[in-house]
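According to the numbering used here, the sequence shown is numbered sequentially starting from 1.
Quick caveat, the hints were computed from the structure, so don't treat them as lab data. Certain hints may be false.
Ranges of calculated distance between the beta carbons of each label pair, as one might list FRET restraints [said to hold, decoys possible]:
| no. | residue 1 | residue 2 | range |
| --- | --- | --- | --- |
| 1 | Asn-50 | Val-11 | 31 to 41 Å |
| 2 | Gln-25 | Arg-47 | 20 to 30 Å |
| 3 | Gly-9 | Arg-47 | 30 to 40 Å |
Values in this document were obtained by computation on a predicted structure and should not be read as measured data. All C-beta atoms in this analysis are idealised placements derived from N, C-alpha and C, irrespective of residue type, glycine included.
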Amino acid sequence: MGLINLSGGIVWQWNAVLQLLLLNQLLFSFLGHLKTIRHPSYTPLLRALNFVKLSAR
Numbered sequence: 001m002g003l004i005n006l007s008g009g010i011v012w013q014w015n016a017v018l019q020l021l022l023l024n025q026l027l028f029s030f031l032g033h034l035k036t037i038r039h040p041s042y043t044p045l046l047r048a049l050n051f052v053k054l055s056a057r
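Make the full structure from the sequences, and use the hints.
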């Protein structure tokens with residue numbers, strides 16, 4: 001990022017954290033949709049996402 005003053009750096013970090021939380025929220029709602037669909041072609045994707053979820057803990 002180059003040189004950032006302290007307040008700017010803190011704001012940037014907060015933005016990153018908020019974006020991560022939002023992304024997490026979207027991912028979980030997406031997972032919920034997939035679980036309700038239960039289409040055969042989605043199962044490998046679900047397994048991969050579950051693996052990611054477990055390894056993230």
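### Message
Taking 20 to 30 Å as the stated bounds, is the beta-carbon spacing between Gln-25 and Arg-47 within them?
### Response
holds, 21 Å
For the hint 31 to 41 Å, verify it against the beta carbon of Asn-50 and that of Val-11. About 34 Å separates the Cβ atoms of Asn-50 and Val-11, which means 31 to 41 Å holds.
Given the hint of 30 to 40 Å, check if Gly-9 and Arg-47 actually sit that far apart at their C-beta atoms. holds, 39 Å
When each numbered hint is compared with the structure, no violation occurs for any of them.
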